[in-house]
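In the order they appear, the protein sequences are chains G and E. Going letter by letter, the first sequence gives residues 1 to 185 in the numbering used here. Going letter by letter, the second sequence gives residues 1001 to 1267 in the numbering used here.
Hints were generated in silico from the structure; no laboratory data involved. Every value quoted in this text rests on a predicted model; they were computed, and no experiment measured them. Any given hint could turn out to be false.
Unchecked claim - Computed beta-carbon distance windows for the label pairs: (1) Arg3/G x Leu1013/E: 31 to 39 Å; (2) Leu1036/E x Leu22/G: 32 to 40 Å; (3) Val1259/E x Leu22/G: 35 to 43 Å; (4) Leu22/G x Thr1266/E: 23 to 31 Å; (5) Val64/G x Ser1239/E: 54 to 62 Å; (6) Ile1179/E x Asp38/G: 47 to 55 Å; (7) Arg3/G x Pro1183/E: 36 to 44 Å; (8) Glu91/G x Thr1266/E: 35 to 43 Å; (9) Leu1013/E x Pro54/G: 51 to 59 Å.
Stated by the list, open to error - Computed list of chain G residues with no C-beta within reach of chain E, every gap over 12 Å: (10) Arg3; (11) Thr5; (12) Ala19; (13) Lys27; (14) Leu52; (15) Asp74; (16) Lys76; (17) Thr83; (18) Asp87; (19) Asn99; (20) Gly116; (21) Val136.
We treat Cβ as the ideally placed atom computed from N, Cα and C, and that holds for glycine.
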Amino acid sequence: MDRTTIDLWVGVFVALGVAALLGLAMKVGNLTSSKIGDTYSVSAAFENIGGLKPNAPVKSAGVVVGRVADIRFDPKLYEAVVTIKIDERYEFPKDTFANIYTAGLLGEQYVGLEAGGEDEVLKNGDKITQTQDAVVLEKMISQFLYNKASETNSEDGTKDSKSGTQSSEKKSGGATSTELGDAPF
Amino acid sequence: MKSILFNRLTKLLTGIGRRMIERIWRLGAGARLFFLTIVYSGESFKRFHLTLREVYFTGVMSLLIIIVSAFFVGMVLGLQGYNTLQKYGSSEAIGVLVALSLVRELGPVVTALLFAGRAGTAITAEIGLMKTTEQLSAMEMMAVNPIARVVAPRFWAGVISMPVLAALFSMVGVLGGYIVAVPLIGVDDGAFWSQMQANVDVREDIINGVIKSVVFGVACTMIALFEGFDAPPTAEGVSHATTRTVVISSLTVLGLDFVLTSFMITV
Chain G
1 MDRTTIDLWV GVFVALGVAA LLGLAMKVGN LTSSKIGDTY SVSAAFENIG
51 GLKPNAPVKS AGVVVGRVAD IRFDPKLYEA VVTIKIDERY EFPKDTFANI
101 YTAGLLGEQY VGLEAGGEDE VLKNGDKITQ TQDAVVLEKM ISQFLYNKAS
151 ETNSEDGTKD SKSGTQSSEK KSGGATSTEL GDAPF
Chain E
1001 MKSILFNRLT KLLTGIGRRM IERIWRLGAG ARLFFLTIVY SGESFKRFHL
1051 TLREVYFTGV MSLLIIIVSA FFVGMVLGLQ GYNTLQKYGS SEAIGVLVAL
1101 SLVRELGPVV TALLFAGRAG TAITAEIGLM KTTEQLSAME MMAVNPIARV
1151 VAPRFWAGVI SMPVLAALFS MVGVLGGYIV AVPLIGVDDG AFWSQMQANV
1201 DVREDIINGV IKSVVFGVAC TMIALFEGFD APPTAEGVSH ATTRTVVISS
1251 LTVLGLDFVL TSFMITV
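Please model the complete structure; the sequences and the hints are all you need to start from.
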């Protein structure tokens, strides 16, 4: 085979490979989306960050405005200190609220910023004071179960002493009626 | 009675021992050939057209099989993934599933397996036949080093071709998954790509896939070269060597894949 033909085909081959790699990086990977221009960093302390990870998105009104740069543990206050980098194009008031939300029911966690009303804006190195922790599903479930348990306990109580509850119901019913009766109309 | 049993037992044990020694010898000889290839690979860069010629035969000629199989693998991933994901109401995650499985695993591994079957066997047969027809000895007689002239260009061609083919495989596979998911099934176009972009990391997933394919390229090409170089100079010997290339390459690729993955995934 002619040497120039081979050169041509190998050139096409390598170009295809480079194009595929670029396509993977641009179209499939996050090379384009993770690019935020110049940023300023702000820290926020949370009592519980749940499953927040570095490089998680920081969103305001659902729009990605920055990324989580670093997560540290403060051994004195026993808090998690989250450093976030916000795109320089976006300015937030000093009293901005930082929450940790979950995308979907079991999705990844992100930091949500809710702008406050102050005139002064956050600058590089500032600290967001108003924060809300991540919702820990286990805590919620245990709370729910606890509530349920106390409800069923009281229900059991009513069943055990039927006459007593009936009388109390009557009493309460009577009370409401008297209340209504006492009402000025 | 007792002595017959004893004889059989010793035969079995000596058989195991002989095989073990042969395997270790082959491993050492392969490593030596690898070392010599690296040492003598200067010429394959000085006379780069030699390497380019081999890139043509190992890489360009494998394009068709790689692209067609990647397309089908992507389409099957799309169908199977959708079938399971829609049960959990998250059929938009199909893009992530297709892209991650291709970029991380299937791209490098399936490419390496196909490469071993398509290009590895060709290399083994070619070198084995060169040895059988005493072309390698003739080269030595003319003071041409066969490792520098024959082995090294093929080695570097394999190392160059493999990542290119794997990247193409992943890209074409993603396109195949896209064609099944978006126009055929009706998953949302924007969600398909945006979920994919949100979950595929360039460094962690794509670059690691490229690293894998380079390692597989080195392993597959080196095994094919060694089997060819080591083949007994008979028709039967070359045919056995070709078979061994496919078997050993496939096993090595799958084993190496586990080792590399366990290094790359930090739990």
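Evaluated hints:
{"no.": "1", "hint": "Arg3/G x Leu1013/E: 31 to 39 Å", "in the structure": "violated, 56 Å"}
{"no.": "2", "hint": "Leu1036/E x Leu22/G: 32 to 40 Å", "in the structure": "holds, 36 Å"}
{"no.": "3", "hint": "Val1259/E x Leu22/G: 35 to 43 Å", "in the structure": "violated, 29 Å"}
{"no.": "4", "hint": "Leu22/G x Thr1266/E: 23 to 31 Å", "in the structure": "holds, 27 Å"}
{"no.": "5", "hint": "Val64/G x Ser1239/E: 54 to 62 Å", "in the structure": "holds, 59 Å"}
{"no.": "6", "hint": "Ile1179/E x Asp38/G: 47 to 55 Å", "in the structure": "violated, 39 Å"}
{"no.": "7", "hint": "Arg3/G x Pro1183/E: 36 to 44 Å", "in the structure": "holds, 43 Å"}
{"no.": "8", "hint": "Glu91/G x Thr1266/E: 35 to 43 Å", "in the structure": "holds, 36 Å"}
{"no.": "9", "hint": "Leu1013/E x Pro54/G: 51 to 59 Å", "in the structure": "holds, 56 Å"}
{"no.": "10", "hint": "Arg3", "in the structure": "violated, 6 Å"}
{"no.": "11", "hint": "Thr5", "in the structure": "violated, 9 Å"}
{"no.": "12", "hint": "Ala19", "in the structure": "violated, 8 Å"}
{"no.": "13", "hint": "Lys27", "in the structure": "violated, 7 Å"}
{"no.": "14", "hint": "Leu52", "in the structure": "holds, 16 Å"}
{"no.": "15", "hint": "Asp74", "in the structure": "holds, 25 Å"}
{"no.": "16", "hint": "Lys76", "in the structure": "holds, 29 Å"}
{"no.": "17", "hint": "Thr83", "in the structure": "holds, 20 Å"}
{"no.": "18", "hint": "Asp87", "in the structure": "holds, 17 Å"}
{"no.": "19", "hint": "Asn99", "in the structure": "holds, 20 Å"}
{"no.": "20", "hint": "Gly116", "in the structure": "holds, 28 Å"}
{"no.": "21", "hint": "Val136", "in the structure": "holds, 22 Å"}
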